[in-house]
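Asker: Numbering (the numbering used here), first residue to last: 1 to 484.
No lab work stands behind these hints: they were computed from the structure. Note that this is a predicted model, so its numbers are computed, not measured. We treat Cβ as the ideally placed atom computed from N, Cα and C, and that holds for glycine. Keep in mind that the hints are not guaranteed to be accurate.
Said to hold, decoys possible - Cβ-Cβ distance ranges computed for the label pairs, FRET-style:
1. GLY422 <-> GLY106: 40 to 48 Å
2. GLY239 <-> PRO100: 16 to 24 Å
3. LEU462 <-> PHE238: 38 to 46 Å
4. GLY239 <-> MET419: 36 to 44 Å
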Amino acid sequence: MSLAVRAARGAIWNIGTSVGTRLIGVVGTLVLARLLDPDTIGEVLVATALVLTAKQLSHIGFGQYVIANKPDRDGVFHATALMLGTIALAFAVLWWLRAPLSAAFGAPDAARYVPALVVGAFLQRVGYTVSRVLARDLRFRAVAIGNSLGELAYPIVAVGLAWAGWGGDAIAAAFVARGAVQAAAFIAAADRREWLSPCRLSWARTVEILRFGVPLWIASLAHFASRQWDNLLVSRFFGAHAVGIYNYGYNLADIPASQVGEHIGDVLLPSFATIAPDQRRRALARATSLLALVVFPLATGLGAVAHTLVAVIFNEQWQAVAPVLVILSSLSVVRPVGWTINSYLVALHRTGAVMLLEFIKLGALMALIAALSPLGIEWVCAGVGLAFAANAAASVWLVRRADGIPAGPLVAGLIGPLMACGPMVGAVLGVRHVAAAMGWPATASLVAELFTGAVVYVPAALVLAPATSRDLIGLVRKALRRGA
1 MSLAVRAARG AIWNIGTSVG TRLIGVVGTL VLARLLDPDT IGEVLVATAL VLTAKQLSHI
61 GFGQYVIANK PDRDGVFHAT ALMLGTIALA FAVLWWLRAP LSAAFGAPDA ARYVPALVVG
121 AFLQRVGYTV SRVLARDLRF RAVAIGNSLG ELAYPIVAVG LAWAGWGGDA IAAAFVARGA
181 VQAAAFIAAA DRREWLSPCR LSWARTVEIL RFGVPLWIAS LAHFASRQWD NLLVSRFFGA
241 HAVGIYNYGY NLADIPASQV GEHIGDVLLP SFATIAPDQR RRALARATSL LALVVFPLAT
301 GLGAVAHTLV AVIFNEQWQA VAPVLVILSS LSVVRPVGWT INSYLVALHR TGAVMLLEFI
361 KLGALMALIA ALSPLGIEWV CAGVGLAFAA NAAASVWLVR RADGIPAGPL VAGLIGPLMA
421 CGPMVGAVLG VRHVAAAMGW PATASLVAEL FTGAVVYVPA ALVLAPATSR DLIGLVRKAL
481 RRGA
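Produce the complete structure using the sequences and hints provided.
Answerer: What follows is the structure, encoded as structure tokens:
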């Protein structure tokens, strides 16, 4: 089986399982908004940010080392010991500092949620450790199934316990359930000897792992901060109510980019690492254009239907999510471009370049949020999108400078899919206008808008991005035939 087909099959499994479980997760999140008040959700968000920050600080590129370097069992055991040892130390420190840290962020009651969240995060780290061995061996199906089972457990437990009156503890318990289910699934799928065969720990091997991982660690910390610390800044500038609006809008806008683009990125890293060096440049341009063909219509389409979607799924107190969703979904189109180039650079061990790109993104994000906050939450959302656009532009420039890849082919592969989104958005907005004029209920309008968008985009893509469309169709057909 060719590597392209294996990568396509991995992407199909990752995306297929993720989309379904993510939809269930979104529904669960929406139900939670009706069961829990914004203050409670805000407290849990602060506690989660603290726990995940400690978790991120303890992850020094160990998982990427297992995938990119394909070490022997001794090397994998070293990485395992480091992954679990460092997170235990980080959580011990957080345990003692949870009260003052929670108070420092204006949410003293967040400290009560930290212990349960720590347990859940540790279980997630165990599962992640094993999943990197599975990904190294291109066992994407097992990774996708394990992730999906955990993501299914989370909303079921959270909604059930919130309905029973657990309050914020329902979210903390769901966090534990997700980590436990994922860890159990990955451990069951993997050969224990591949990741837990004891060996004498070597300082030389430890230094080798750290030398590879430290730049990635710094870069991933910056990436994490760009995903979590914006909530803290929004809370600082606008208060808890705005955090609820922003967080829900961001999470909805994030679905096309993270739940499709990021899972393709999970497949690209081991795939790029296996491709011969002389073929990687062409593979990068190809992967970027294919990713654009899939993600661009999802992101722009979500922005086009945002007002109707919010009217259908939220009550009156949440209608302010609509403009936030429009801005974030439309500007998040560029985010997957950075992920593709990130996977390429990691496969080439250009971890310093990855670190630089993440700091550019973090710096732009924090600066734009702070600078635009006096203008209101919608301008802050625009700043978030512009920060990711700056990261994508810097990624294209840096890969050209670092590896001599011209920007032309990369950018050219994006033009066709982006142009195909134009007729789709126009048709969706036209349908919404007609539906409003005819007095249709919001649900009927939403169905019509979604159907129209899909019907218009497919032929538009075939006309405006014919080569990429045929390439995607061919890869999907081959992957499905292999899987039959």
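Asker: State for each hint whether it applies.
Answerer: Structure-based check of each hint:
1. GLY422 <-> GLY106: 40 to 48 Å: holds, 44 Å
2. GLY239 <-> PRO100: 16 to 24 Å: Cβ of GLY239 to Cβ of PRO100: about 22 Å, so the range 16 to 24 Å holds.
3. LEU462 <-> PHE238: 38 to 46 Å: holds, 44 Å
4. GLY239 <-> MET419: 36 to 44 Å: For MET419 against GLY239, whose Cβ atoms are near 41 Å apart, the range 36 to 44 Å holds.
Checked against the numbered hints given earlier, the structure satisfies every one of them.
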